[in-house]
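Letter by letter, the chains look like this.
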Amino acid sequence: MNVDSSILDIIRAKKLIERRDIAPRIREEGDFVVVDAKGLHYRILNEVVYELAEKYKKIKLINVNGQRYIADGLRGDYYIEIHGTAGDDLGAFMNGPEIVVYGNVQDGAGNTMNAGKIIVHGNATDILGHSMRGGVIYVEGDVGYRVGVHMKEYKDQVPIIVAGGTAGDFLGEYMAGGRIIILGLKRRFTSEIVGDWIAAGIHGGAIYIRDSIEEDRLGYGAKIAEFTEEDKKYLAKILEEYCRTFGYDLNKILEHEFTKIVPESHRPYGKMYTD
Amino acid sequence: MGFPPEFKVVVDKEKCIMCRRCTIECPYGVHVWDEKKKTIIRKEENCVACQRCVFTCPTKAIQIEVRPPAYSPHPVWTEKVRRDIRLQAETGSVLLVAMGNEEPYRRYFDHLVIDACQVTNPSIDPLREPIELRTYLGAKPDYLELEESYSDIKLKTELTPNLKLETPIMFAHMSYGSISLEAQKSLAMAAKEMGTYMGSGEGGLHKDLYPYADHIIVQVASGRFAVHEEYLKVGAAIEIKIGQGAKPGIGGHLPGKKVTEEISQTRMIPVGSDAISPAPHHDIYSIEDLSRLIYALKEATRYKKPVFVKIAAVHNVASIAVGIIRAGADGVVLDGFTAGTGAAPQVIRDHLGIPIEVAIAAVDQRLREERIRNRGSIIASGGIRSSADVAKAIALGADAVYIGTAALIALGCTVCKQCHRGKCAWGIATQDPKLRKRLKPEEGARRAANLLRAWSFELKEILGALGLNSIESLRGNRDRLRGIGLTEVELEVLGVKPAGR
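For the protein sequence lines, the chains are Y and F, in the order given.
Under this note's numbering, the letters of the first sequence match residues 1 to 275, in that order.
Under this note's numbering, the letters of the second sequence match residues 1001 to 1501, in that order.
It cannot be assumed that every hint is accurate.
[Stated by the list, open to error] In silico lysine-lysine, DSBU-like type, Cα no more than 35 angstroms apart, as pairs: (1) F:1080 to Y:15; (2) F:1192 to F:1423; (3) F:1257 to Y:55; (4) Y:233 to F:1257; (5) Y:223 to F:1192; (6) F:1154 to F:1080; (7) F:1080 to F:1304; (8) Y:38 to F:1233.
What the hints contain is simulated information worked out from the structure, not anything from laboratory work.
Since this is a predicted model, take the numbers as computed values, not measurements.
Only chain Y is shown next, with the shape it has when bound in the complex:
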């Protein structure tokens, strides 16, 4: 490697978790290692998480208050529990870990994640699951704008986002694969289950919305497809774990009307150019 990082290595020879100001924040609790994140800068907190990940598989972060990038680029079968509000880009580029948040998450959770699971016992904000390629995101409550933007799928990697509440505008924009399911069980801020310009630019994947949606709410390139028995069976399978996680009644959810939104074409711009 031509990157001159040798000096960095020398500076970082001493681990953060052994430092006098950090060590008292860390304690073992059963299989878990617990870190008190109160007032810690995200760079320090995330370095601590990475250092602990060398030894522990289960990490619990308490008093999290907006620290960004937790578990970014982390690879492996870790279980990370977060108590508090996780900051932007939670689990971005992550590949495998399961993150459970007891609280809300801010923008970009699951950004470009490849595999793993993010469970949010609360709400999520904008661009949740941006470009995610695999794994699942379950949100108990509402999600923000541009959720699932540019989500894609590849072979057996089919990412799934499920939100129990409502979603903002541009849901599933530029979607190229995967599934988004919006249940609208709790509608605290709005009576609409989703915002406008649904699935604008979609060219792969599908969105299920647990309500009737008029065609004119859809964005460019999207259309409404028939919600079949097969779709219902698929949802029953997908939502089983979701309902178990948040204590919702699966049968009651499935009783309601669903709208399925799919792309008009997988090649929307096929005739736009000429040589």
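Add chain F to chain Y, keeping to what the hints say.
Using the frame of chain Y, we list chain F on its own:
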């Protein structure tokens, strides 16, 4: 309505031995064997002047000539204008083109000349004296703090990772999909051999390129194709692509028909689906958002790699570059409006953006004024044709340059401008297995490395003539440039004096 052929295929009947090699070599269907008449028919209307038949004909019997204009001449309604209008009237589509800007704008490189030493401040002979081209890309600290002890001096300042280049020339980002794996491999091998880097483009990294990954800058574009933690971790550096010189402000899009099985695996999208890169990154609407992505990438790679941000050179390029450096990027890549492309709408390519020379000068000047020039490198690209262009770009303020089209020409490209059609006769801009075989990575690597070797030596000659023993001393040294035939305003923008002053 058809079009009259642009080129004329001239075959020397005395030399032609009817071996039919040209019918096999031509992917555009110009030379066709007629079984009934037992002869080769030349369908000139298909000819793109790629020169494949000319080079491969064993008896050198073929010559391609430009046809004299078939239309009645007119200074405003040129033949090209008329052709374009008729094609659009026929199809109702956007004109798609390849390679760089074809409009005759002023090329400032051709209006700049380099100084040389005479009598005082003697020149240096690069054959016998060391001249250093080594360049480090990335943020440099504002100052160095040292810890002196009885026997040793230690560096206290925490340095951020830098890329070490043995020559300030890198191979530009050209994605797998737009060019063949063989072309990418050629450049990767040459980059490794010459101690420099190549760009991955936004199409991901084929597994065959992983052995060269420590000499590859991996790109993160708005489509996020193939961006996953391993891809980020194996690369030498990360580049966020906001814009591209050949098509500023618009997205990219690889048509589904080009997404073959292998491309699909590397891009991690289904076979045959359009690979659409939206115009903006949907998580970036401000400098603060850009900063968030820069640090998301740094966090994911544990601050071990520099992160660059590439933008097209546009009107307010200096302010944008300042924002990028302040957002935490380790460098800004400026792509001028003469930059090449595998496919772009003609109207965008020919009319949007500004020249790279002006952009380099403006950005270097502004970063100096704001006293943050050390916090990020400037990498210039778009229309760099020779070592003279490299030297002038560096003297205007760049740290290093990217070459794209020039590198492809080294591999055999003849700039026939058909990249978007995927039928490249030279095995470069194609995914057709038969055509790809025409480019041998070892031979391509040899030629690409040779180009860097030649240019590097020429750079040393220029530095020697300037009396400088390292490329660092030339960087932003605009006093060693003079302008010829430029207006006062142009000289002011470029920060150079007119020749004679």
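The hints, checked one at a time:
1. A distance of roughly 66 angstroms separates the Cα atoms of residue 1080 of chain F and residue 15 of chain Y; the hinted pair therefore is violated under the 35 angstroms criterion.
2. Distance check on the hinted pair: residue 1192 of chain F and residue 1423 of chain F sit about 28 angstroms apart at the alpha-carbon level, within 35 angstroms; holds.
3. Distance restraint check for residue 1257 of chain F and residue 55 of chain Y: the Cα-Cα separation of roughly 47 angstroms exceeds the 35 angstroms cut-off, and the hinted pair is therefore not satisfied.
4. Taken as a hint, the residue 233 of chain Y and residue 1257 of chain F pair is honoured in the structure, with Cα atoms around 33 angstroms apart against an allowance of 35 angstroms.
5. Under the criterion of a C-alpha separation no larger than 35 angstroms, the hint pairing residue 223 of chain Y with residue 1192 of chain F is inconsistent with the structure, at around 49 angstroms.
6. In summary, the hint linking residue 1154 of chain F to residue 1080 of chain F is not supported, as the alpha carbons are separated by about 65 angstroms, beyond the 35 angstroms threshold.
7. This hinted pair does not check out: residue 1080 of chain F and residue 1304 of chain F have alpha carbons roughly 50 angstroms apart, beyond 35 angstroms.
8. Of the pairs offered as hints, the one joining residue 38 of chain Y and residue 1233 of chain F holds, with about 30 angstroms between alpha carbons and a cut-off of 35 angstroms not exceeded.
The structure fails to meet hints 1, 3, 5, 6 and 7 from the earlier list, while all remaining hints are met.
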